[in-house]
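Protein sequences, first through last, are from chains A and B.
Letter by letter, the first sequence follows residues 1 to 217 in our numbering.
Letter by letter, the second sequence follows residues 218 to 421 in our numbering.
Careful, some of the hints might be misleading.
[Stated by the list, open to error] Restricting the straight-line Cα-Cα distance to at most 27 Å, the calculated cross-link-like pairs of lysine-lysine (DSSO-like) are:
hint, chain 1, residue 1, chain 2, residue 2
1, B, LYS411, A, LYS142
2, B, LYS317, B, LYS410
3, B, LYS293, A, LYS56
4, B, LYS410, A, LYS142
5, A, LYS56, B, LYS255
6, B, LYS293, A, LYS142
7, A, LYS142, B, LYS395
8, B, LYS318, B, LYS255
[To be verified] One side of the interface only, derived from the structure: several residues of chain A facing chain B at Cβ under 10 Å:
hint, residue
9, ARG17
10, GLN74
11, GLY196
12, VAL200
No wet-lab data here; the hints were simulated from the structure.
Owing to the predicted nature of the structure, the values given are computational and were not obtained by experimental measurement.
All C-beta atoms in this analysis are idealised placements derived from N, C-alpha and C, irrespective of residue type, glycine included.
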Amino acid sequence: MKTTPENQDATPPDWMRWLDGEMPAAERASFERELAGDPGLQAEVEAARHLSAMLKQELPAEMSIPHADFFNSQIQVRLSQIEAEERRSVPVAASPWLGWLRMPWLIGAAAVVVALLAVRRDEAPSSESNTLVMSTYAPNPKVVVNAFHSEAAEATVLMLEGLEELPADRKVVGWHLDSGLTDPASMSTAFSGPSGEVEVVMTRDARNQPRLWVPRS
Amino acid sequence: MPAAAAAPETEEDAVLDIDLVRRCQAGDTRAFDALVTKYRGRVYAMAYHLVQNETEAWDLAQESFIKAWRAVSSFKGDSAFYTWLFRITHNVAYDWLRKKKIRADGNEFDDSRADHGVAAGAETVARAVPAPDTAMKQSELGQRIREAIAQLSPDHQQVILLREVEGLAYEEIASAMKCSVGTVMSRLFYARKKLQEILHDLRP
Numbered sequence: 001m002k003t004t005p006e007n008q009d010a011t012p013p014d015w016m017r018w019l020d021g022e023m024p025a026a027e028r029a030s031f032e033r034e035l036a037g038d039p040g041l042q043a044e045v046e047a048a049r050h051l052s053a054m055l056k057q058e059l060p061a062e063m064s065i066p067h068a069d070f071f072n073s074q075i076q077v078r079l080s081q082i083e084a085e086e087r088r089s090v091p092v093a094a095s096p097w098l099g100w101l102r103m104p105w106l107i108g109a110a111a112v113v114v115a116l117l118a119v120r121r122d123e124a125p126s127s128e129s130n131t132l133v134m135s136t137y138a139p140n141p142k143v144v145v146n147a148f149h150s151e152a153a154e155a156t157v158l159m160l161e162g163l164e165e166l167p168a169d170r171k172v173v174g175w176h177l178d179s180g181l182t183d184p185a186s187m188s189t190a191f192s193g194p195s196g197e198v199e200v201v202m203t204r205d206a207r208n209q210p211r212l213w214v215p216r217s
Numbered sequence: 218m219p220a221a222a223a224a225p226e227t228e229e230d231a232v233l234d235i236d237l238v239r240r241c242q243a244g245d246t247r248a249f250d251a252l253v254t255k256y257r258g259r260v261y262a263m264a265y266h267l268v269q270n271e272t273e274a275w276d277l278a279q280e281s282f283i284k285a286w287r288a289v290s291s292f293k294g295d296s297a298f299y300t301w302l303f304r305i306t307h308n309v310a311y312d313w314l315r316k317k318k319i320r321a322d323g324n325e326f327d328d329s330r331a332d333h334g335v336a337a338g339a340e341t342v343a344r345a346v347p348a349p350d351t352a353m354k355q356s357e358l359g360q361r362i363r364e365a366i367a368q369l370s371p372d373h374q375q376v377i378l379l380r381e382v383e384g385l386a387y388e389e390i391a392s393a394m395k396c397s398v399g400t401v402m403s404r405l406f407y408a409r410k411k412l413q414e415i416l417h418d419l420r421p
């Protein structure tokens, strides 16, 4: 940026304060007399007024935001996350098995795996959803996972942004998981669904690579 | 006659906002959702005029509301809620512009953003439905104006938008930009002067 007087305090011409409605009434009459007798000043004011009118016409103060409902729902999701962080009322967020999900060795594992940790709201369930998405995880750091509740589908919807192409031989798998139990001895975590049955077990193989086991498959 | 600063929101609006803000301060996210719905179009428009990119503007608007939620407990009601929200949006967008400027080569701000153009499919709330030929001219004019604004420094972009689009008074702009009223007037004068130079062929 240039270091010109434009970034410093300076006394602007009187016409600008007059045009912007910032000139005190006491000065106004005097200025308007001066304006009436000065064609050069009139031209300057008219040019500024014309510019102002063009800007107001072409730059609307309000625009229709794309995907307005999603915009609101995303904010609500983030507020839920903030609330959960602040209250720390749900221990799963800091539990070993969530940290386990984020261990570096998972990075670079399966091309498309999304781990969704959803916790049922036991307190004051809203009419919109009784599921609070606590955390999502995608091994590919370029993939952003967004979740929102769709009233129409009566479901929690996951959106994967940044996933340009899904290889034909890969599947995206999601589970509704209510709880997880880590067994330090076997270094595995068993995740259970709403029915209490184990839906998926995450562990590591002999080469320290991640492995998913789906008992009911 | 000089133009007065933009009319403030109605008293009824202000009362409704205060009520919603109090509920937000008590942790009511539904009340905040109502404020988001009410102001998202204005926050998005401000961000869009600055960054001239639909996706970036969307993200910045999101960030502005999240910051507002985090800070809502500190809102004392000294100003209208929207003015306060606008200050947050300004800071978010300003940080973005400054980071973008730092990333750009050269000392001038005006060479890095002229190519952005307007995102395809950008929706706007039309003030009127113009005739097709008028619409074409307005569209071209709008593009010229957006390109001209993109050539200004971040400070000058902000001051022009705060004054001409949002209609804020000098004092409110100074508060939003954390500078003196004198600096606001100076920046506004030079920003207008530069725009007039760039758009000289559009002079009356």
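Hint check:
1. LYS411(B) <-> LYS142(A): 40 Å, violated
2. LYS317(B) <-> LYS410(B): Holds: LYS317(B) and LYS410(B) sit about 24 Å apart, inside 27 Å.
3. LYS293(B) <-> LYS56(A): With a Cα-Cα distance of about 31 Å, the restraint between LYS293(B) and LYS56(A) is violated, given a limit of 27 Å.
4. LYS410(B) <-> LYS142(A): 43 Å, violated
5. LYS56(A) <-> LYS255(B): Judged against 27 Å, a Cα distance of about 21 Å means the pair holds.
6. LYS293(B) <-> LYS142(A): 40 Å, violated
7. LYS142(A) <-> LYS395(B): 36 Å, violated
8. LYS318(B) <-> LYS255(B): Given pair LYS318(B), LYS255(B) is violated - Cα atoms ~31 Å apart, limit 27 Å.
9. ARG17: 7 Å, holds
10. GLN74: Since chain B brings a Cβ to about 6 Å from GLN74(A), closer than 10 Å, the hint holds.
11. GLY196: Not OK, violated: GLY196(A) not within 10 Å of chain B, min 30 Å.
12. VAL200: 31 Å, violated
Hint compliance for this structure: hints 1, 3, 4, 6, 7, 8, 11, 12 are broken, all remaining hints hold.
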